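Student: If you want the building blocks of each chain, they are given just below.
2 protein chains.
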Amino acid sequence: MRPLDPSPSAYDHVLRLRVVRAFESRPLDAPDLDAILEAARWTGSSKNRQDWAFVVIEGQEDLDAVSAAGDFTAPVRAAAAAIALVRLPGGNDFDIGRLGQNIMLAAAARRVGSCPITLHHEEAAAEVLGLPADHRCRWIIALGYPDTVAEVDSRRSARSRGMGGRKPPEELISRGRLGG
Amino acid sequence: MRPLDPSPSAYDHVLRLRVVRAFESRPLDAPDLDAILEAARWTGSSKNRQDWAFVVIEGQEDLDAVSAAGDFTAPVRAAAAAIALVRLPGGNDFDIGRLGQNIMLAAAARRVGSCPITLHHEEAAAEVLGLPADHRCRWIIALGYPDTVAEVDSRRSARSRGMGGRKPPEELISRGRLGG
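Protein chains in written order, with this note's numbering: chain A, 5 to 184; chain B, 5 to 184.
If you are wondering where the hints come from, they were derived from the structure by calculation, not from laboratory data.
If you're wondering where the values come from, they're calculated on a predicted model, not measured in any experiment.
Heads up, some of the hints might be wrong.
Because identical chains cannot be distinguished in the list, a pair is counted as satisfied if it fits within a single copy or across any two copies.
Unchecked claim - SDA-like, lysine to any residue: derived pairs with alpha carbons at most 25 angstroms apart: (1) K171 with Y149; (2) K51 with A154; (3) K51 with R115; (4) K171 with R159; (5) K51 with P93; (6) K51 with D97; (7) K171 with Q64; (8) K51 with R165; (9) K171 with H125; (10) K171 with E155; (11) K51 with P173; (12) K171 with A82; (13) K171 with P10.
Could you build the full structure based on these sequences and the hints that come with them?
Tutor: Next up, the structure:
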C-alpha cells in the first residue's frame with residue numbers, strides 16, 4: 005500500500021457529489037458496472053466483517069418489481085441498473101451507508117449518476133430479492149448515465165423546495181460538547 | 005453545478021481508502037480540519053434532512069474521555085482529533101455511514117488518516133458529549149497524520165489476523181435475486 009497522497013481533485017470529487025435522479029435510457033457499460041462493484045467490494049466495514057451482499061438489478065421488469073418495495077422509487081424505475089445493498093446477520097446500517105457512499109462516488113468517477121433510495125417495505129423487498137429471514141435490504145442505489153437536460157429541471161425543482169443547500173457550519177459543528 | 009467528469013484518480017482514491025490507526029502526535033492543521041468538516045457538511049442525506057451534528061474532539065483529556073464510551077477505542081486515544089457523528093431525531097444510521105465515509109475520503113485527500121470507531125456505550129457517549137435524550141452517538145472518526153512506521157506494523161498485524169482482504173466477487177455479487 006502506497007502512502008497517502010494529497011489530492012485536491014479527489015477532495016473536490018467528494019465535496020461535489022450530488023444525487024442524479026434522471027437517467028439516459030441506455031444500459032450501463034459492463035466496465036462501468038464492474039468498476040462500481042469493485043469499489044463496493046473494497047469498502048471498509050467494522051472489523052472488516054463485510055456483512056453485506058450486492059444484488060444487481062437490470063431490465064425494466066426487475067427494476068419495476070423492486071421499486072414497488074419503496075414509497076419514492078421513481079429513480080429506480082428510471083435507472084439503467086440498481087444495486088440492492090443487502091445487510092447480512094451481524095451487519096449494521098452505518099457500514100451499509102459507507103458502502104452506499106463508495107458506490108456513489110465510484111460511479112460519479114466513471115460519469116455514472118446515482119441516487120440512494122429507501123425501500124420502506126422491507127418484507128416486500130426481501131421477497132423480490134429472495135432474501136432469507138435474517139437478511140435485510142432497506143437501501144438500493146439507482147444508477148445510470150445522467151440525463152443532463154432533465155437533471156437541470158430536477159435540480160431547479162429541488163432548489164425551489166429548499167432541498168438544494170446545506171445547514172450552515174455554526175448549526176452543525178460544535179467543539180468538545182454538543183453546542184460547545 | 006458542472007457536469008460529472010470521468011476521473012480515474014478520484015476512482016482510485018475511493019478504491020484505495022484504508023483505515024489508519026497509528027498517528028503522529030502533532031495536532032491537525034486548521035485548514036485540514038476545516039476542509040474535512042466542509043466535506044462532512046455537504047454529504048447527502050435522505051430528503052436532504054441532514055439530521056446530524058458534528059462534535060470535534062481535540063486535546064488528550066477530551067479524547068480519553070470519549071474513548072471510555074467504546075470497547076476498542078485505542079485509535080481515538082492516539083488521534084490528533086476526532087469527529088463524533090451525532091444522530092438527531094429523524095436521522096438514520098445509513099446517512100451517518102455516508103457521512104463517515106465522506107469524512108474519511110476527504111481526510112485522505114488531505115493526507116490525513118482516519119479510523120471509524122464504535123462507541124458501544126451510548127449512554128456514556130451521550131454524557132461526555134452533552135447530548136439530549138433524543139440524540140445518539142454510536143460512531144466517531146479518529147483523525148491524524150499517519151505514523152507511517154507504526155502503520156506498517158499495524159497492517160502486517162491485521163493481515164496476519166486475516167483482516168486485510170475482502171470477500172471474492174462471486175461471494176458478494178448476485179444478479180436479479182440473492183444467489184442469482
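Student: The structure should be examined with respect to each hint, and the outcome stated for every one.
Tutor: Structure-based check of all given hints:
{"no.": "1", "hint": "K171 with Y149", "in the structure": "neither (29 angstroms within a copy, 28 angstroms between copies)"}
{"no.": "2", "hint": "K51 with A154", "in the structure": "between (42 angstroms within a copy, 19 angstroms between copies)"}
{"no.": "3", "hint": "K51 with R115", "in the structure": "between (32 angstroms within a copy, 23 angstroms between copies)"}
{"no.": "4", "hint": "K171 with R159", "in the structure": "within (18 angstroms within a copy, 38 angstroms between copies)"}
{"no.": "5", "hint": "K51 with P93", "in the structure": "within (14 angstroms within a copy, 28 angstroms between copies)"}
{"no.": "6", "hint": "K51 with D97", "in the structure": "both (14 angstroms within a copy, 17 angstroms between copies)"}
{"no.": "7", "hint": "K171 with Q64", "in the structure": "neither (37 angstroms within a copy, 30 angstroms between copies)"}
{"no.": "8", "hint": "K51 with R165", "in the structure": "between (40 angstroms within a copy, 11 angstroms between copies)"}
{"no.": "9", "hint": "K171 with H125", "in the structure": "neither (30 angstroms within a copy, 29 angstroms between copies)"}
{"no.": "10", "hint": "K171 with E155", "in the structure": "within (23 angstroms within a copy, 36 angstroms between copies)"}
{"no.": "11", "hint": "K51 with P173", "in the structure": "between (32 angstroms within a copy, 19 angstroms between copies)"}
{"no.": "12", "hint": "K171 with A82", "in the structure": "neither (30 angstroms within a copy, 31 angstroms between copies)"}
{"no.": "13", "hint": "K171 with P10", "in the structure": "neither (27 angstroms within a copy, 29 angstroms between copies)"}
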